[in-house]
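Q: So the protein sequences, as listed, match chains A and B.
Heads up: the first sequence runs through residues 193 to 443, numbered per this note's numbering.
Heads up: the second sequence runs through residues 2 to 253, numbered per this note's numbering.
Calculated directly from the structure, the hints in this document are not laboratory data.
A couple of the hints might just be wrong.
Said to hold, decoys possible - Cβ-Cβ distance ranges computed for the label pairs, FRET-style:
(1) B/His221 x A/Glu293: 41 to 47 Å
(2) B/Ala58 x A/Ile391: 44 to 50 Å
(3) A/Thr215 x B/Lys9: 24 to 30 Å
(4) A/Phe393 x B/Tyr109: 46 to 52 Å
(5) B/Lys29 x A/Pro431: 35 to 41 Å
(6) B/Arg210 x A/Phe278: 28 to 34 Å
Said to hold, decoys possible - Stretches of chain B that chain A covers, calculated by requiring three or more beta carbons in the stretch to come under 8 Å of a beta carbon on chain A:
(7) 51-65
(8) 76-90
(9) 100-114
Backbone N, C-alpha and C fix where the C-beta goes; we use that ideal spot for every residue, glycine too.
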Amino acid sequence: MNIKRAFRVWQRHFTVYTKLYRTSIVLNFVEPVLYLVAFGIGLGAFVKDIEGVPYIKYIAPGIIASSSMFAATYECTYGTYVRMTFQKTFDAILATPINIEDLVAGELLWGSTKSVFYGIIIIVAISFFKMVDSMYVIFLIPVLFISGLIFAEISMICTAIVPGIDSFNYFYTLFMTPMFLFSGIFFPLKTLPPIISKIAFWTPLYHLTNICRACVTGKSNVIIVDILWLLAAATILAPISYVLLKKRVIK
Amino acid sequence: MVIIKARKLTKYFGQICAVDNVDFDIEKGVCFGFLGPNGAGKTTIMRMFYCIVAPTAGHIEIMGMDIKRHASKIKSKIGVMPQDNNLDLELSAFKNLIVYGRYFEIPYKISKRLAYDLLDYVGLTEKAHENIRNLSGGMQRALLLARAIINSPEILILDEPTTGLDPHSRHNVWHKLKDLKEKDTTLILTTHYMEEAEKLCDKVAIMDRGKIIIIDTPKHLMETYGGNLEDVYLKLTGKKLKGEENNNNNEY
Chain A
193 MNIKRAFRVW QRHFTVYTKL YRTSIVLNFV EPVLYLVAFG IGLGAFVKDI EGVPYIKYIA
253 PGIIASSSMF AATYECTYGT YVRMTFQKTF DAILATPINI EDLVAGELLW GSTKSVFYGI
313 IIIVAISFFK MVDSMYVIFL IPVLFISGLI FAEISMICTA IVPGIDSFNY FYTLFMTPMF
373 LFSGIFFPLK TLPPIISKIA FWTPLYHLTN ICRACVTGKS NVIIVDILWL LAAATILAPI
433 SYVLLKKRVI K
Chain B
2 MVIIKARKLT KYFGQICAVD NVDFDIEKGV CFGFLGPNGA GKTTIMRMFY CIVAPTAGHI
62 EIMGMDIKRH ASKIKSKIGV MPQDNNLDLE LSAFKNLIVY GRYFEIPYKI SKRLAYDLLD
122 YVGLTEKAHE NIRNLSGGMQ RALLLARAII NSPEILILDE PTTGLDPHSR HNVWHKLKDL
182 KEKDTTLILT THYMEEAEKL CDKVAIMDRG KIIIIDTPKH LMETYGGNLE DVYLKLTGKK
242 LKGEENNNNN EY
């Protein structure tokens, strides 16, 4: 892989994104805010404090995690799939000095860039409402990049194996939604049977939520395990996503 | 000088044999045409040149380099005008060229000038900053051609460059291709238009079901077998060359 060539792919996506950001930014931004308002304020009125904080403040760090997660997954499922098939962008790019490994790296980097970007938007938004207690929140930026890479890699694997664009429904319904609901964003997992926590431990969102909560509240929860988990997952998934996508694109 | 050399080139897609043990040499500076109906294996060979399709067996050398080992370097010296429109639909004609120039590491200052020159060359100056969705089919093909030569390629690969174009746009493309050939660019094209092959090609490879049946100059083929290239094809394969006209842009 040649990082300069991967950057050219990233740059192409960035150029296109600057043309479209008005529509996509609103869509990506509105959804997490809706969750915050509906659950935090609406449901929150009936929920007692969790771990000593009001409900809206409890879920806010998790919304950073989920917003950044969905940014990378939408990009590297629907976005990548459309470029690979309908728009034939991959064909255009691969006819230039860019090779498939550069292309995959560029796609993944772009997915994680969007992850960081949409995470930061939520951080800024919740800071306005004084829901950020610690300057440690700044450490989230590199963390969001690593987790963004993981979500991009998982999505890329999915993109490489789906028979058609409709099949992403399975990915979202059977994998993304359960992960979103059972990763400690909306309630502590210890209230559920232990098996749920055990399963959650094997999902990236659970660890990202832990880190987000620790950095936003500034409470010194032990998050080293979570960081190591994310680093390991990002490293392990990278070659898998590359091999599978290569198999799909290079006939 | 031989610029592309293929030996025992074979490609299977699952059980289907798309290219069946073919050999050919392409000389520098010529216009070489692959003729045959849809499904003859033309596009598969083209796509092997720029490494999107990997040969099942055999090998290709381009400019003396093995495509498996020097893909990026080879691709920096070739231009590709694909069969399907794969422009960046969200961007203007100008931006399409700039983005493409970046893949070849052309600095912005140079690619900006190049982009305007190329748009002028293909007659799209007035459309430079227009969204390409507003461009006609012929204009989009012209832009694809401009994009394919932004790196001043030594070899230009044209996969059915004029399919789906009206006669006027088709003549425009032919005119540009002749011009490029005069500048010593090697042209490799696939087509199922006889007139196109007769007008442009110095040499043609006649293909049927993955095999190359004969490689010769159109003139010599017509003298030997009589009639035009269409008749030659019919005599050699027992089939009509021009299959069903298909519009590849509607594949999805």
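Q: Now, for every hint given, state plainly whether the structure supports it.
A: These are the hints, each one checked on the structure:
no. : hint                            : verdict
1   : B/His221 x A/Glu293: 41 to 47 Å : 44 Å, holds
2   : B/Ala58 x A/Ile391: 44 to 50 Å  : 47 Å, holds
3   : A/Thr215 x B/Lys9: 24 to 30 Å   : 51 Å, violated
4   : A/Phe393 x B/Tyr109: 46 to 52 Å : 48 Å, holds
5   : B/Lys29 x A/Pro431: 35 to 41 Å  : 40 Å, holds
6   : B/Arg210 x A/Phe278: 28 to 34 Å : 29 Å, holds
7   : 51-65                           : holds (count 5)
8   : 76-90                           : holds (count 11)
9   : 100-114                         : holds (count 6)
Of the numbered hints stated above, the single one contradicted by the structure is hint 3.
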